[in-house]
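J.: The residues making up each chain are set out below.
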Amino acid sequence: MSSGTFAAYRPILIAIAALAALPLAVPMLVSAGLFAGANTFYNLMIFILIITLAAQGWNIAGGYGGQFSFGHAAFFGTGAYAQAVLQTRYGVNAWAALPVAMALGGLVGAVIGLLAFRARLRGSYFALVTLAFAEVFRILANATPITGGAAGTLVPLRIGFGQMQFEAPAAFFYLALGFVAVVLLLNRLLERSRFGAWLVAVRENEDAARALGVDTLTVKLKAITLSAAVTAVAGALYTQKFLYVDANIAYGAWISVEALLAPIVGGIGTVFGPLIGAVALIGLGEAAKTLIHSAFGSAVPGVDLVVYGLLLIVVIAFAPRGLIGLLRAGGGR
Amino acid sequence: MLEVHSLTKRFGGLVAVSDVSLTVPEGSITGLIGPNGAGKTTLFTLVSGFQTPSAGRVLFCGEDITGRTPERLAVLGIARTFQIVQPFAGLSVLENIAVGAYLRFPHRADAMAHAGAVAERVGLTDLGRPAASLTVAGRKRLELARALATGPRLVLLDEVLAGLNPSEIRDIIPVIRAIRDAGVTILMIEHVMQAVMSLCEHVHVLANGRLIAAGTPAEVVGNPAVVEAYLGHGAAGRLQKGAAHG
Amino acid sequence: MFRSYPPQIVLEAVLNGLLTGAVYALVALGLTLVYGVLHIINFAHGAMLTLAMFAVLVAHLGFGIDPYLAILPLTPLFFAFGYGLQRFVISPASRNDDGAILLVTLGLSIVIENLLLAIFRSDTRSLTLDYSFSVVDLGFALLSLPRVIGFGVALVVAAALWAILALTDTGKAIRAVAKEKLGASLVGIDVNHIYAVTFGLGAATLAVAACLLMPSFYVNPRVGNAFVLVAFTVVVLGGMGSIAGALVGGLVIGVVESLSGLYLGESLGQIGIFLIFILVLLFRPTGLFGAKA
Ligand SMILES: Nc1ncnc2c1ncn2[C@@H]1O[C@H](COP(=O)(O)OP(=O)(O)OP(=O)(O)O)[C@@H](O)[C@H]1O
Ligand SMILES: [Mg+2]
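Chains as they are written, first to last, in numbering that gives the first Met the number 0: chain A, 0 to 332; chain B, 0 to 245; chain C, 0 to 292.
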C-alpha cells in the first residue's frame, strides 16, 4: 500500500474509530440529559446505522451512477423478509440467512435493473418504475402466506450470539457499525477503481462513456445489483434488530425515501454523504419531535418528516452538493 | 484500414448519407469535407456504431463491423470525438482522460499515469481542475485526449478545430500530425481548409449525403463540382476564409 | 381459479370502473399537463390532492359549504397555490434542473403530507351528506349518485381544459412553450409565467377532483399516494403530455381496477394497475396511444 493509497483511506479509518469509540461517551451524554438512558442512545444509533447502510446502497447506483431509484424499498424489504422468513419457516441460522438475504436483494436489483435499463429508462422514468416495483412487492407481501400476509412475520426472541440477538445493546451497534465501515471502505475502493470511474462516466454522459469503450448497460447492472445487495443487508439487520417485519415496514415508501434523502442531504456520490445525511436527518428529526413534544405537551406525528422534506428542498436549493459540500467549502479553500 | 461500402442512412424521408463508399488507408490522415448538413457527422455516427446504417457495410481491418456497438468498436480500436464536445463536466481534466485510459489499463495507477502522458501529448496542463472550467480550445483538446487515451488504431475527429482562433489552430496542427506519426490512422471532418491542406493526404467531399469528389486537397479544391457544392450552400465565404489562414 | 360472475355484476363493475376512471382521469389531467409543458414529473401531485380533499372537509365541517359548491372558491384558490408553488418554490429551488425538480417536488410531497398528518392525525374521515348514499337506478344497474355526478363534471372539466388550451391566448402560449421553449421565449412569451400558469391549472383540476371525490370517498393524510400512483399509470398509459390520452387512460384504468378488484379481491386488485404501469413503461414508454414523450 503506497502512502497515497493510505491517505485516501485515512479519513475513513478515523471516522470508523471515532464511531467505535462513541459508546465511551454514553455515560456523559446521558448525564448531560441528551439521552434518557444508554438504551435510548443505542437504539437511535443502531437505527441511524441501518438507515446509513440502506442509503450507502442507494448511493452506489444513485449517487455514483446517477440512476435515481425511488423504490429501494424493493431491496430493503427483500433483505428484511428473507432474513425473517428463512429463520422462521426454514430454520436457517441467522448468520447463514444474512448472506442469502443479501444475495436475494442483489438478485432483485439485477432483475429490475435488467428490465429497466434494457428498456432504456432513465431519469423520472427509472424513478417511477422502481417505485412501482416496490409497490408491487408491498402488495404481494401483504397478501401472500409465506411472508405472513398482513400480520407480518415475527422472529422469536432467542438471545444468543448464534441467533444474532444480543443481550448488550452495544453488541448490535458494533455489528451494524461493522457493515457500515465495510461499505465505507468499499466505496472508497470503488471510487478508485476502473468500475467506479466508468460508473461516474455513465452518470455524467452516457454517449461519451460509450465512445470511450464503456459498456454502459453492464456498468449500470453491476451498480444496481451491488446497490440492492447493500440495501438488502440493511433490511436484514432491521429484521434482526426489531425481530418483526410487515409489508409496510419492509416494502413501504418510507425506506425508499430515507435511502435517497440521506445521500442527497449528506452529499450525493461521496463516501461519507449517506452517513452524514442519516445523522443529520434523523438527528434533526428527533430534535424537532422533542421540541414539538415539549411545546405542545404531547407528541405530534409527522413533524420529523416535515423536517426531512424541508431539509431536502433547502439542500437542493442552497447546497446541491450536500452538507459535505458545505463543510468542504467552509473548511478551507 | 477502414472501408465503407455503399453506406446509406435515412431519417424518415431524409437521406442523410446516400450510398457512400470510401477507404481510409492505414497510417494516413484522411479528410472528410463538405457543406453544413452534408451528412459528415452522420457518417461518423454510423462508422462509430452510435447509429445503425439503413444499408451498406463498414469494414475495419478487413473485418465486418457494421452495426456493432460503440463500446465494442472502442475495444477494437476505433475512437471518435464529438463535434459538440461532451466532457464529463463534474470530473477533473485528468479524470476525464482516465475514463478512456481505463480501457487498456485496468489498474488505477497505470490508467492515471497513461492519462497524464496523453494529456501532455495534446498539450493539456493544470489537470486537476474541473473539465467544466475549460475554454473551447481546452475542451477540444480534452476530446482529443480522451479518444487517444483509449489506445485507438483509428480516430475519427469531428471538427476538432472549429471555434478555435488562428493561433490555437496553428498550435494544434502539429499535435494531430504527431498522433499520426505515432501510428494512429486519422479520419477527420474539418471546415478549416488551411488545416485540411496542410494535414491531409487524401480528401473526400460529401454534399447532400453523396460523395461528390475525392483526391488530394489541391485536386479537390480545384474541382468545380466541389466549389459549386459549397457555393450552392452559401459556404464559399468560409472556404475562402479558411484558405486565407494559410 | 377465477370465480365466474353473472353478467349483470360484471357490467355493474365495468360501469363503476368508468365512474371512478373519470375521476382518475381528472387527477391525471393535471399531471400530464404539467409533464407536457414543463417536462417534469410532479411528485407532489398526490399530496396536493390530499390537501385539496382536506380543504373540502374543512370547508364543509367549518363553514357548512357543500362539497360541490366548494368547487367555486377552491378552484381559483388552488390555481393560485399551484402558481405560487411553481413560481416561488419549485423553480428557484431547482434552477429548472430536471433531477432537482423531481427531488424538490418529492420534498414538497413529504412536507405537505406530514403537515396534514400533524394537523389532522392519521384518522380516516369522510363526510356524511344526505346524498352520499343516493343511487341512480338504470334498470339494469344501480350506480352511486355522487359518482355519477363526479363522472359528468370530470368530463366537463376535461372539455374546459381542452378549450382553454385550444382557444385562449394563454392556452396558445402554453402550447407554444410545450413545443418549443426557446422559440416561445424569443417571440416574447414569459416562459416562467406560463410554467406557473400550467402548474396552477394542474392544481386547479385537483381542487375539482377533490370536490367530486369527497361526497363518496374518505380522506386521510396518505390518501393521495394511492391516487397519484394510479394517476402516473394513467399518464404513462395515455402517453405523457397527452390530454386525450389521460382521459382514455383514466377510464381504462378505472375499469381494470374495478374488474381486478372483483376477480382478485381488494388487496391484490391494485396489483393489476402496477403491472400495467410497469409493462407500459418497459415496453411502450410513449404510451399506448403513441403520444410523443
Ligand atoms: N438523428 C437525426 N434525425 C433526423 N435527422 C438527422 C439526424 N441526424 C442528422 N440529421 C440530418 O441529417 C443531415 C446531415 O446532418 P449531419 O450532422 O451529418 O451534417 P454535417 O455534415 O455533420 O454538418 P455540419 O458541418 O453542420 O456539422 C442534416 O440535414 C441533419 O438535420
Ligand atoms: Mg457535423
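Some clues are possibly wrong.
Now the stretches of chain B that chain A is said to cover, found in silico as 3 or more residues with beta-carbon under 8 Å [claimed, not checked]:
1) 11 to 23
2) 32 to 38
3) 62 to 70
4) 89 to 96
If you only want the chain B side, here are some residues facing chain A, beta carbon under 8 Å, derived [said to hold, decoys possible]:
5) S47
6) Q50
7) A73
8) V74
9) R79
10) F81
11) A112
12) P173
13) R176
Counterexamples of contact, computed for chain A against chain B with all Cβ distances above 10 Å [as the list claims (entries may be wrong)]:
14) R9
15) G122
16) A207
17) A210
18) G212
19) G251
20) G282
21) L322
Hints were generated in silico from the structure; no laboratory data involved. Given the structure is predicted, the values throughout are model-derived calculations rather than measurements. Glycine is no exception: its CB is placed at the ideal position from the N, C-alpha and C atoms.
J.: Return the numbers of the hints above that this structure violates; sort them in rising order.
T.: The structure conflicts with hints 1, 2, 6, 11, 12, 13, 16, 17, 18, although it agrees with all the remaining ones.
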